[in-house]
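Put chain B on the given structure of chain A with help from the hints.
Chains as they are written, first to last, in our numbering: chain A, 1 to 224; chain B, 1 to 176.
Worth flagging that the hints you see were computed from the coordinates, not collected in a lab. Virtual Cβ for every residue (Gly too), placed ideally from N, Cα, C. Fair warning: there could be bad hints in the mix.
[Said to hold, decoys possible] Residues of chain B clear of chain A, computed beta-carbon distances all greater than 12 angstroms:
id, residue
1, 43
2, 51
3, 67
4, 72
5, 77
6, 85
7, 86
8, 98
9, 105
10, 146
11, 161
12, 167
[Claimed, not checked] In silico BS3-like pairs for lysine-lysine, Cα to Cα no more than 25 angstroms straight-line:
id, chain 1, residue 1, chain 2, residue 2
13, B, 54, A, 42
14, B, 158, B, 173
15, B, 170, B, 140
16, B, 96, B, 173
17, A, 174, A, 185
18, B, 140, B, 165
19, A, 42, B, 75
20, B, 140, B, 130
21, B, 170, B, 75
22, B, 94, B, 54
23, B, 158, A, 42
24, A, 42, B, 165
[Claimed, not checked] Just the calculated beta-carbon pair ranges, DEER-fashion:
id, chain 1, residue 1, chain 2, residue 2, range
25, B, 99, A, 56, 46 to 54 angstroms
26, A, 215, B, 165, 30 to 38 angstroms
27, B, 148, A, 38, 24 to 32 angstroms
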Amino acid sequence: MTTSPEHHVVWDWTVRLVHWLMVILVLLLWWTAEEGMMDWHKRCGLTMLGLVIFRIIWGFTGSWTARFVPMFRRLGSLGSYVRDLKNGSHKPVFGHGPLGILSVFALLGALSVQVGTGLFSVDVDGLESGPLAIWVSFSTGRDIADIHELNFDILSTLISLHVAAILVYQFILKDNLIPPMVTGKRPVSDFAASTVPTITAGFWAFVLSAGIASGSVYAVLHAG
Amino acid sequence: MLNRKIGLLCTAVAGVVLLSACGQNEDSEAASDSAGDAGAAVLANGMTVADQVKLRHDALEDIGDALKGAGDQLKSGSPDMAVIQAAAASIVEKSKGMEDWFPEGTGPDSGVETDALAVIWEDNPDFLTKVSDMQGAAAKFNEVAQGGDAAAIGGAMKELGGTCKSCHDKYRKDDD
Chain A
1 MTTSPEHHVV WDWTVRLVHW LMVILVLLLW WTAEEGMMDW HKRCGLTMLG LVIFRIIWGF
61 TGSWTARFVP MFRRLGSLGS YVRDLKNGSH KPVFGHGPLG ILSVFALLGA LSVQVGTGLF
121 SVDVDGLESG PLAIWVSFST GRDIADIHEL NFDILSTLIS LHVAAILVYQ FILKDNLIPP
181 MVTGKRPVSD FAASTVPTIT AGFWAFVLSA GIASGSVYAV LHAG
Chain B
1 MLNRKIGLLC TAVAGVVLLS ACGQNEDSEA ASDSAGDAGA AVLANGMTVA DQVKLRHDAL
61 EDIGDALKGA GDQLKSGSPD MAVIQAAAAS IVEKSKGMED WFPEGTGPDS GVETDALAVI
121 WEDNPDFLTK VSDMQGAAAK FNEVAQGGDA AAIGGAMKEL GGTCKSCHDK YRKDDD
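The shape of chain B in the complex, shown without the other chains:
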């Protein structure tokens, strides 16, 4: 009698525990099934949906990479200004045209796997403002980087990172 009680209780508890743990990442499976055909649709700019998504994903990753590189320099005892300046310049370069990277039809219901959220098109004017904020902060970071003043560079970098974050908070799928 006692073992049955224990057995039932353990099973019930294990069930609840597993349900709660599994409930965390429900939306990660979203629209990745029909990626093959859907990605082939051609956009007004001549690119396929799949190519557009990949282009912006790669560019944004490169930007993150550059920002990390600059940040790592500042964290070290003796920052290499050349590395920071190169990173700052590349961020300006890589973010050119970002306002055109998210045409209609390249969102989550395009069938292609993307971290872009539908709200980008629902709130498009605000999204585009955030894009231009980022580009402005990147230009400022680039300018400050030429000066070689670590403290000022740190400040400009933080501002730039802030623009990244404020867009991501609303328009990017939360995977962390």
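Next comes chain A alone, as it looks inside the complex:
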């Protein structure tokens, strides 16, 4: 990861790729479920499983802005961050600000529940079911399917809030968040601090994380 004199790299390529793939997959997953295209729903669901597992592992092995421990630490400044927002003195933050961090945990949590319940769901006819549903009873699988459906409402609410927040930041706070999520870069002039961490996405860290994620999906496919 190189930093030119004018730009910092804030988001490594895997964070960006996973983020946008998740956007596409959520839409596909919703639509295939609506249309009853369960074969595709399952394929997309397993892909999403891989992405979620990867992202969680990457939260420990990836670049600084992807890691969960620094995010937890930054939550301590939530109070002053919100105060600054209220009295108009908001300044851009390198990586996720404390509000964004709450959003990361909420969205990743809801997404994990969605994918997890999908694995064990059974439909009302007993015909279509997730790959791990063989391990639960019909009645349990139906209950899990109910959670799978209810959680989607929660997930879509969180997604709507996320999009709304980004729009508020972009157009009202003039804090440019969308282009960096595509290119990874922000102007050096955006940040007050003179020292920002140089973020690196390690090659072997990626291989390890992707390997575990793929292996998990493979295991699920061959369960039972």
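Same frame as chain A, but now just chain B:
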């Protein structure tokens, strides 16, 4: 000035978002309030409404359970034919008399909580055709299951599941 704009906009957006999310499951509260008294009404067949609804709900759940059991066997590497055959036989048994499970007065306006939709009685001949389709598919599945041919069994199972689905699509409340 800026914070007020943000505050108003955030509230407005949050409001719209919550409204749209909440708008999804409007009809789930339907007729479950006066369940106590309403369920006690006695039908021509001698059962109370509550008992009739419970009987068909339990039987249909058992059928779904059996179908899942058979399906899980087929999904595994080595299907246990005995389990599949038992499931197929039980589905035939459990679905006997299904044409009599939905007498007048046991629908959504009976006051008892049920997933049965009013259209069952509005389009009763078609509904009954679907019931008999299911029973026919169940008999065929049972017959094929005796043969032990996994591929043929899979096909018959899919057909049976198809009859379940085609009835549910029109006559059962959509909760998934």
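Hints and how they fare:
no. : hint                                : verdict
1   : 43                                  : 25 angstroms, holds
2   : 51                                  : 20 angstroms, holds
3   : 67                                  : 4 angstroms, violated
4   : 72                                  : 4 angstroms, violated
5   : 77                                  : 8 angstroms, violated
6   : 85                                  : 17 angstroms, holds
7   : 86                                  : 15 angstroms, holds
8   : 98                                  : 15 angstroms, holds
9   : 105                                 : 24 angstroms, holds
10  : 146                                 : 21 angstroms, holds
11  : 161                                 : 4 angstroms, violated
12  : 167                                 : 9 angstroms, violated
13  : B:54 <-> A:42                       : 33 angstroms, violated
14  : B:158 <-> B:173                     : 22 angstroms, holds
15  : B:170 <-> B:140                     : 23 angstroms, holds
16  : B:96 <-> B:173                      : 23 angstroms, holds
17  : A:174 <-> A:185                     : 16 angstroms, holds
18  : B:140 <-> B:165                     : 17 angstroms, holds
19  : A:42 <-> B:75                       : 15 angstroms, holds
20  : B:140 <-> B:130                     : 15 angstroms, holds
21  : B:170 <-> B:75                      : 29 angstroms, violated
22  : B:94 <-> B:54                       : 14 angstroms, holds
23  : B:158 <-> A:42                      : 18 angstroms, holds
24  : A:42 <-> B:165                      : 19 angstroms, holds
25  : B:99 <-> A:56: 46 to 54 angstroms   : 51 angstroms, holds
26  : A:215 <-> B:165: 30 to 38 angstroms : 35 angstroms, holds
27  : B:148 <-> A:38: 24 to 32 angstroms  : 27 angstroms, holds
Of the numbered hints listed earlier, those contradicted by the structure are 3, 4, 5, 11, 12, 13 and 21.
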